[in-house]
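Participant: Here's the letter readout for the chains.
Protein chains: 2
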Amino acid sequence: MGVCRNFIVLWTVALSLMVCVVCNNNTEDNDSLITNKKTLSECNLPTELKTEIASYSSTVEKIINAAVNGSFKGVTYRELSLFVDTFGSRISGSQNLENAIDYMINKSITDGLENVHGEDVQVPHWIRGFESATLVEPRNVSISILGLGNSVGTPPEGILAEVLVVKSFDDLQSKAAQAKGKIVVYNQEFVSYGSSAVYRGKGATEASRVGAVASLIRSITPFSLNTPHTGVQSYGENVTKIPTACITLEDAHFLQRLQDEGRTIKILLKMEAQTLPDTTSRNVVAEIEGTEHPEKIVIVSGHIDSWDVGNGAMDDGGGVFVSWGALALLKSLGLKAKRTVRAIFWTAEEFGFVGAYQYARDHANDTDNFVFVMESDIGTFNPVGLEYSGGTTGRCIVQEVMKLLASINATGVRQSPSVGSDIYMWTSKGVPGASLDTENDKYFWYHHSNADTLDVENPDSLDKNTALWASVAYVLADLSVDFPRELMDG
Amino acid sequence: MGVCRNFIVLWTVALSLMVCVVCNNNTEDNDSLITNKKTLSECNLPTELKTEIASYSSTVEKIINAAVNGSFKGVTYRELSLFVDTFGSRISGSQNLENAIDYMINKSITDGLENVHGEDVQVPHWIRGFESATLVEPRNVSISILGLGNSVGTPPEGILAEVLVVKSFDDLQSKAAQAKGKIVVYNQEFVSYGSSAVYRGKGATEASRVGAVASLIRSITPFSLNTPHTGVQSYGENVTKIPTACITLEDAHFLQRLQDEGRTIKILLKMEAQTLPDTTSRNVVAEIEGTEHPEKIVIVSGHIDSWDVGNGAMDDGGGVFVSWGALALLKSLGLKAKRTVRAIFWTAEEFGFVGAYQYARDHANDTDNFVFVMESDIGTFNPVGLEYSGGTTGRCIVQEVMKLLASINATGVRQSPSVGSDIYMWTSKGVPGASLDTENDKYFWYHHSNADTLDVENPDSLDKNTALWASVAYVLADLSVDFPRELMDG
Chain A
886 MGVCRNFIVL
896 WTVALSLMVC
906 VVCNNNTEDN
916 DSLITNKKTL
926 SECNLPTELK
936 TEIASYSSTV
946 EKIINAAVNG
956 SFKGVTYREL
966 SLFVDTFGSR
976 ISGSQNLENA
986 IDYMINKSIT
996 DGLENVHGED
1006 VQVPHWIRGF
1016 ESATLVEPRN
1026 VSISILGLGN
1036 SVGTPPEGIL
1046 AEVLVVKSFD
1056 DLQSKAAQAK
1066 GKIVVYNQEF
1076 VSYGSSAVYR
1086 GKGATEASRV
1096 GAVASLIRSI
1106 TPFSLNTPHT
1116 GVQSYGENVT
1126 KIPTACITLE
1136 DAHFLQRLQD
1146 EGRTIKILLK
1156 MEAQTLPDTT
1166 SRNVVAEIEG
1176 TEHPEKIVIV
1186 SGHIDSWDVG
1196 NGAMDDGGGV
1206 FVSWGALALL
1216 KSLGLKAKRT
1226 VRAIFWTAEE
1236 FGFVGAYQYA
1246 RDHANDTDNF
1256 VFVMESDIGT
1266 FNPVGLEYSG
1276 GTTGRCIVQE
1286 VMKLLASINA
1296 TGVRQSPSVG
1306 SDIYMWTSKG
1316 VPGASLDTEN
1326 DKYFWYHHSN
1336 ADTLDVENPD
1346 SLDKNTALWA
1356 SVAYVLADLS
1366 VDFPRELMDG
Chain B
886 MGVCRNFIVL
896 WTVALSLMVC
906 VVCNNNTEDN
916 DSLITNKKTL
926 SECNLPTELK
936 TEIASYSSTV
946 EKIINAAVNG
956 SFKGVTYREL
966 SLFVDTFGSR
976 ISGSQNLENA
986 IDYMINKSIT
996 DGLENVHGED
1006 VQVPHWIRGF
1016 ESATLVEPRN
1026 VSISILGLGN
1036 SVGTPPEGIL
1046 AEVLVVKSFD
1056 DLQSKAAQAK
1066 GKIVVYNQEF
1076 VSYGSSAVYR
1086 GKGATEASRV
1096 GAVASLIRSI
1106 TPFSLNTPHT
1116 GVQSYGENVT
1126 KIPTACITLE
1136 DAHFLQRLQD
1146 EGRTIKILLK
1156 MEAQTLPDTT
1166 SRNVVAEIEG
1176 TEHPEKIVIV
1186 SGHIDSWDVG
1196 NGAMDDGGGV
1206 FVSWGALALL
1216 KSLGLKAKRT
1226 VRAIFWTAEE
1236 FGFVGAYQYA
1246 RDHANDTDNF
1256 VFVMESDIGT
1266 FNPVGLEYSG
1276 GTTGRCIVQE
1286 VMKLLASINA
1296 TGVRQSPSVG
1306 SDIYMWTSKG
1316 VPGASLDTEN
1326 DKYFWYHHSN
1336 ADTLDVENPD
1346 SLDKNTALWA
1356 SVAYVLADLS
1366 VDFPRELMDG
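Chains as they are written, first to last, in the numbering used here: chain A, 886 to 1375; chain B, 886 to 1375.
Please note that a few of the clues may not be correct.
Just so you know, same-sequence chains aren't split out, so a pair can sit in one copy or run between any two.
Capping the alpha-carbon separation at 25 Å, the derived lysine to any residue pairs in SDA-like fashion look like this [claimed, not checked]:
1) Lys1288 to Gln1141
2) Lys1065 to Ile1044
3) Lys1327 to Val1316
4) Lys1221 to Gly1014
5) Lys1327 to Pro1107
6) Lys958 to Gln1144
7) Lys1216 to Asp987
8) Lys1151 to Phe1015
9) Lys1216 to Pro1107
10) Lys1065 to Leu1161
11) Lys958 to Ser1217
12) Lys958 to Glu927
13) Lys1060 to Arg1142
14) Lys1151 to Gln980
15) Lys1155 to Ser1017
16) Lys1327 to Gly1014
17) Lys1181 to Glu1022
Since the hints were derived computationally from the structure, they do not count as laboratory data.
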């Protein structure tokens, strides 16, 4: 997989940064990405179709009641809790991830889901090892770091070098002559995840190109309690691979002030990070098979891998468990739709949608049967609705379906040119799809950090998300007409 | 100082917990502590006095303008920044604290403040050393900890023991038979700082009394990004001293869930903490001497020591620098009051007001001349006014004075039976005094943690606090009548 993998990783890291521009509801550049602001009144769905969708009202209420007040109340949180407490973090390449995958396969079988299986994927195996950064001049103090995925390590004795702080890639270029032999620290503003995460993604490459010996990136978050956030990065072609890690907002500001005060700054960076040979992982698949068109598929999904810090309860334990919960809930209610509802728990998302890419290759001939693809990977906070990618008629259908969620106040439909992380490879090619849209304004406070724990999750919100996910999947899988695959507006 | 110190530490730790009940504006039990809810309309100050106070309007506006728009704009933040960037944390007993004290003495002299000097205090010298906690059963994962002040260390090989999680002291008593040989984990709710911090203060003692070998305390904070918070604790008489540290909210919840699930929990705790012989530190004193009654004193203060984590920018760099700033600002404007305005930067507050107690003993004969004592030690966020301790006539005077702060919207006067940390020993004996009252609802997010950095502080808020502090000190020091020393209401 060597060359192919490198190419795919490079491309997908770039893609992930692009995709993630739309991941945060609360970024300044978000509104501009909502290309279709037509309201429901502009929809001209056939009356029959609207009536048909409305006829699902009692079924959806049954789903909601079971999740919010009934037999499934608290189940999603309780199962997620048991999962993260048992396995903790689940980084690509780790045995822990494979144990967690075994668990979800066995659990889905036990729960009576259908066609449960894993599908093999070769995945990266990067390990962090010991790491530390120490400011040794102008005074001695420890700097909190988290090495970035795919980073190389330092020599055992570490790298001791002067620091050059820059605020942007342009700033780096203007100071290129000073960068040689230095540790470049990026103190870029947090504008939005997408626009800021590019510093994490290619900061090391750009620093290496001007002769830096390492790079430290301000964590991609709007808020910090001295919290470093990791994430993936990739080295460009023909650059010397230099070690790279993230630092906290506080330390980025501190180093900036020291530089502004004209002080000489030196840091000793030690990282044991290394990339081991690829390992075999699996995407997990479970279904409730369709009664009339089992070959036609509505997908709900999340990714089962996480970073190696925190517990991956939010990113993306929540996404996995509302997807598992949607199927388990439908199963418990005996609801089988005309089409198949398939849950997929992607592997190795964090290293560039590795599992999803493999799935796309393995199922290239099935894509026409993917009726609607959904992923939850931007938080399972209190739901507000869906972020939708697709054409106008489809949007009108989704809006009608979401009216059924009025009792949990989650009827919103935001349109975006792209949704999801793993599912982007389908939605970008015209397969209609959606992400779960929740009150995720604090998502990046926790993202890729030790703060990604079960404390982020809320039982009631998870119940509502499971109800929403199950309802949308069931209705779209059961409609008398296939969901329209139109060209996207905008 | 051995026996005496132990007694004082015990007593003052208890006191600090009691005092701190009123430190947080945002606790449920706060309202009940505001014993005097009389409004300004109930005041019957002589018209002459009200007129006299109002006549300071132009002087106070001059002070405010200098701080907010003029020559002193940004100075408090800039000086605080230089201070914390240069010295970082400043724990009692450390050379770094003494270097910081030297710096403030030299700075105050350079700034033209008067009678600048240090006054010796013997202070505790507790050091943290290396520390770690590892969950070894049911799975292997690191637990973030911060050892508590005065804690003993573990043997070099650590303490490996089963865990017993309790929710309260009552819960501990009900499970006392299970505690022997265990590590007791306190997962107490955060209700208010005062009511919760008692678990930090005496959790180890209570655990030791039922045979525990160590104790871990849930950090005293309402919010966490996997953030441990340290603080002082003391061992009761005749108990075996067991190692004790704080853990994060997230890990306390995690351990609780593991116990609730019936899993056996084991932790390996390693701490090198030890208490070295006392060292000599200093309270720093600087003045603007009174023109008519130099022996009569209005005090503004904060404490210069901090914990050994973070930078102590908030706790209590901000308090020190608004107090320094108040005098430097008055000096820069050539404002000398009839009475002396004295700034004190207390040492070793964090180990039980050690500097303040020494000062009280050394100046027992001067107490009658303490006209009004102020301290800022609960944050220098955007100011809302003062928290006041004293009688009704005094409150009416303070309310009149605070009207002069209308242009910075900081006219509030909240009455409390006690204010301050270091100054409580005077206000509790009837010396009228006040704490700075600010929008400090997030104070305990940062308190005693690595997140206590300059990022917590805001230049504009510091300017307003300096203006408020200088204005109140100047007016109260300059009034034609002494501030009344009445019995407190309520």
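Participant: Does each hint fit the structure? Answer for all of them.
Facilitator: Hints versus structure:
Proximity of lysine 1288 and glutamine 1141 under a CA criterion of 25 Å is satisfied in neither setting, with 50 Å inside one chain copy and 40 Å between copies. Taking the shortest Cα distances, lysine 1065 and isoleucine 1044 sit within 25 Å of each other inside one copy (14 Å), while across copies they are farther apart (48 Å). Taking identical chains as interchangeable, the C-alpha atoms of lysine 1327 and valine 1316 are never at most 25 Å apart, the minima being 29 Å within one chain and 45 Å between chains. Within a single copy, lysine 1221 and glycine 1014 get their C-alpha atoms no closer than 47 Å, and across copies no closer than 61 Å, so neither meets the 25 Å cut-off.
In this homomeric assembly, lysine 1327 and proline 1107 come within 25 Å of each other (Cα to Cα) both inside a single copy, at 9 Å, and across copies, at 16 Å. For the identical chains of this complex, lysine 958 and glutamine 1144 are inter-copy neighbours only, at 22 Å across copies versus 54 Å inside a copy, given an alpha-carbon limit of 25 Å. Proximity of lysine 1216 and aspartate 987 under a CA criterion of 25 Å is satisfied intra-copy only: 21 Å inside one chain copy versus 72 Å between copies. Taking the shortest Cα distances, lysine 1151 and phenylalanine 1015 sit within 25 Å of each other both inside one copy (20 Å) and across copies (23 Å).
Neither within a single protomer nor between protomers do lysine 1216 and proline 1107 lie at most 25 Å apart by alpha-carbon distance, with minima of 40 Å and 39 Å respectively. In this assembly of identical chains, the alpha carbons of lysine 1065 and leucine 1161 never lie at most 25 Å apart, being 29 Å within a copy and 45 Å across copies at closest. Taking identical chains as interchangeable, the C-alpha atoms of lysine 958 and serine 1217 lie at most 25 Å apart only when both belong to the same chain, with a minimum of 12 Å there against 66 Å between chains. For the homomeric pair lysine 958 and glutamate 927, neither the shortest alpha-carbon distance inside one copy (37 Å) nor that between copies (55 Å) is at most 25 Å.
For a Cα distance limit of 25 Å, the shortest separation of lysine 1060 from arginine 1142 inside one copy, 17 Å, qualifies, whereas the shortest one across copies, 52 Å, does not. Proximity of lysine 1151 to glutamine 980 under the C-alpha cut-off of 25 Å is restricted to the inter-copy arrangement: shortest distance 22 Å between copies versus 38 Å within a copy. Taking the shortest Cα distances, lysine 1155 and serine 1017 sit within 25 Å of each other both inside one copy (5 Å) and across copies (20 Å). Taking CA atoms no more than 25 Å apart as the test, lysine 1327 paired with glycine 1014 passes in neither setting, with 29 Å inside one copy and 35 Å between copies.
Proximity of lysine 1181 and glutamate 1022 under a CA criterion of 25 Å is satisfied in neither setting, with 63 Å inside one chain copy and 45 Å between copies.
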